[in-house]
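All chains should be modelled from the sequences, with the hints used to inform the complete structure.
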Amino acid sequence: EAGVAQSPRYKIIEKRQSVAFWCNPISGHATLYWYQQILGQGPKLLIQFQNNGVVDDSQLPKDRFSAERLKGVDSTLKIQPAKLEDSAVYLCASSLDTYTSYEQYFGPGTRLTVT
Amino acid sequence: ELKVEQNPLFLSMQEGKNYTIYCNYSTTSDRLYWYRQDPGKSLESLFVLLSNGAVKQEGRLMASLDTKARLSTLHITAAVHDLSATYFCAVDMNANDMRFGAGTRLTVKP
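Those sequence lines, one after another, are chains A and B. Take the first sequence: its position 110, counted from the start at 1, is 586 in this note's numbering, and no numbers get skipped. Take the second sequence: its position 42, counted from the start at 1, is 1372 in this note's numbering, and no numbers get skipped.
Because the hints were derived from the structure by calculation, they are not lab data. Think of the CB as a built atom: it goes at the ideal place given N, C-alpha and C, for glycine as much as any other residue. Each hint should be verified, as a subset may be incorrect.
What the hints assert, rightly or not - Interface residues of chain B toward chain A, partial, derived using beta-carbon atoms under 8 Å:
hint : residue
1    : S1372
2    : F1418
3    : D1427
4    : M1428
5    : G1431
The following block contains the structure:
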């Protein structure tokens, strides 16, 4: 079974630029999550989708971050404009569904450096 | 707001020794997860604990959950170098909304 795919793996941008990350979850997984992991910290949930609907985006900085999952499969996370404090690893995870499946499977992450 | 506290944050131990990592959380939850992360890698699921008193073991690692005390432990028995990694606990608030601890960076020395 293929795992969660993410691209790019690394990205370096200057502050005030825009960036987008892509995630393809495990086939058949209805729930998709985006996490931000700052160096030395645990992952922080940014947004959670069930199919193409948002379940929770309470920790997403909506003034600069946006995410979509239009067809209920893959997803993109965008930052516009980026700030220095956005430097982090962005992890995508998926699970079978939100309410009856517990285990989340994580992708390899995208390491973002904002200079 | 939910707080998830792990201790210690850094742990250096010798091979063959035993140690316990603690995870305290501040709100009611009956689902707790332990993950392992190697440097530059993603998170690997170790244990899912779903009820009070749950105990799970895999190799040299054993995890337990006490929901009344809001405490989970990850016990390492006879540590080996391959266990060197960062270990995270994560508490499920609801509907798979997980809140992670800061992680325990474990180094096992020969």
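Outcome of the hint check:
1. S1372: holds (4 Å)
2. F1418: Result: holds, 5 Å to nearest chain A Cβ.
3. D1427: Interface hint status for D1427(B): holds (6 Å vs cutoff 8 Å).
4. M1428: holds (7 Å)
5. G1431: Holds. Min distance 5 Å.
Checked against the numbered hints listed earlier, the structure breaks none of them; every hint is satisfied.
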